[in-house]
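Trainee: This is what each chain is made of:
2 protein chains.
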Amino acid sequence: MNIILDGMGGDNAPDAIVEGACLAAASMPEGSGITLVGKEKVLRDSLSKLKYHGDRISVVNADEIITNDDSPVKAIRRKKESSIVKGIEMVKSGEGDAFVSAGSTGALLAGGLLILGKIPGVDRPSLATIYPVIGGEPSIILDAGANAECRAVNLREFGIMGSIYMEKVMKRKDPTVGLVNIGTEEHKGTTTTKEAYKLLKESNINFIGNIESRELQNSVCDVIVTDGFTGNALIKLTEGIGMMVLREMKKRFTADIKSKMGAVLLKDQLLALKKEFNYSEYGGAPILGVKGVVLKSHGSSDAMAISQTILKAIPFVENRVVETIGKAVADMAVQDSENAGEI
Amino acid sequence: MNIILDGMGGDNAPDAIVEGACLAAASMPEGSGITLVGKEKVLRDSLSKLKYHGDRISVVNADEIITNDDSPVKAIRRKKESSIVKGIEMVKSGEGDAFVSAGSTGALLAGGLLILGKIPGVDRPSLATIYPVIGGEPSIILDAGANAECRAVNLREFGIMGSIYMEKVMKRKDPTVGLVNIGTEEHKGTTTTKEAYKLLKESNINFIGNIESRELQNSVCDVIVTDGFTGNALIKLTEGIGMMVLREMKKRFTADIKSKMGAVLLKDQLLALKKEFNYSEYGGAPILGVKGVVLKSHGSSDAMAISQTILKAIPFVENRVVETIGKAVADMAVQDSENAGEI
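Residue numbers (numbering that gives the first Met the number 0), protein chains in the order written: chain C, 0 to 342; chain U, 0 to 342.
A couple of the hints might just be wrong.
Pairs involving identical chains hold if they fit within one copy or between any two copies, as the list cannot separate such chains.
Computed cross-link-like contacts, DSS-like style, restricted to lysine-lysine with a CA-CA straight-line distance of at most 25 angstroms [claimed, not checked]:
#1 73 to 187
#2 235 to 274
#3 249 to 259
#4 259 to 167
#5 78 to 187
Hint data in this document are derived by calculation from the structure and do not stem from the laboratory.
Could you build the full structure based on these sequences and the hints that come with them?
Mentor: Okay, structure coming up:
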């Protein structure tokens, strides 16, 4: 297996990316490797600095960089020599099995759509991200912002794709799927959520019904389904509150000598608590529904986060998530036309 | 001024409600009073238990109770002897100036709409709630769940009504208004948020543009505008994370002897932190856009929360929020027709 890694994406590129590649290379199964794509000299310098002398990491040159300021679709169309375009092209051609990047989410989505294309039968590919649960098992939430406006059939697709990812990559058995809504009763919510409830209930996944966002921190389900507008708002709010809690604790626990002494005694617990707010260890965010494996690592990823994302790509490829999604949506289409025929 | 108080609503009724009335009565301006509505015997017993001997609290009998299990619209239509229907009727008839309840939000909204009616020109009355900011000034967020599906004009209305409430009741000068979106740029979001951005920008309020939910904890604006689906999800997530953080801290800080000693030294800081997660002191949630003053107190309100909500009703009435909203939406309608005429 060969994982293509964007050497130029993210706030800490290229050094953290290259270091992440070295970390991952050390624990990847035999016969597999990593291809770094980006400015060759820069990447080779970084490898030398890290004193990497193995043969599992290769470098492919790409002179251009797509930034967060670029218009994603334009950038994919015009910056043919960018690390993102070249990297995704390598997945398409079969030179690579998966593409991992901490670069522009929009460009990765556009690249997935324009270069790899949608899996036949999928209407809206989706960005799925890990939803961190303090003191509990993380869930996955989709859509995380790729599709601000969604129809009920899109929400069903998200449920199916998320369920397959959680089973095949995150190793959850018979993953539970919940629909974000403003009440738990079936009749609650918008026209779209009401229809989505029905479709999800009829589909071949472990749908547990509506969930209120109050419950998200209780590991209430493995797959959290919602439209990209709400999903994005929930993820960003969780990040915002996490930062605020840490900031406020720091302020209060250093307010005076007595508090500082207390904080010293609680040091281990405070560090553990802080770590729970940091979910980089769970690996990246998959783009589900495109014909190939693309994983986005957080823009502020450090080497450990990059390494975890690379390692998540392995079961993603090995357990044939893309093919499984293709089969599931095809089955769903058959079921839909059977249902339509019954009317 | 006479505040009508629902004696039967909320998890802690009637005792916490009656105690809240006593607390508020002690700090209300001269010549004002509170009328408790509910089962007369129960309320009088509660007043006796509290040894209340003042003349500011009166009791009006209402034999029925609307619960959270009742269908709101049906309950308002059929339970004519309920404390909510009788209380809102008293505001309509002028016997009372405001109605305060910790009962069913749905029934209060339905009661406001069916009994008081909408302010002419208002399309969608809205439930606005305090959005708690840890270590900072609270904002108000609307819609909090009354309108799951909104058009752009509704979001503009929310901005106008929220702005007036924050100025007249919460005493913010020239309150800032932000629109929840998945990015700060004008072109981001759904068709509805893009159109709402334009309308809010043209309107006569202090609109600061799109805000991401990550910023909500940074007191980024006084009035947070969003549709009822997103608003409800954001509020409930904030509550859920708050509870989870407190639970996790408790678990960690009692894990062993050393941690317990640390927690003892940090006791004051921990209590202060816990208090910041509790926003009952800011008073209730107004229903804006109906022809009368209705304030909802949290279902789990204690006496202090009830008292704070009652006291919030005073500037709500005195500063003529209802009339000001009426004037603002009428002005907006004039501006709209002028704009339409220009085309």
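Trainee: Under the constraints set out in the numbered hints, which ones does this structure not fulfil?
Mentor: Number 4 - this is the single hint that the structure violates.
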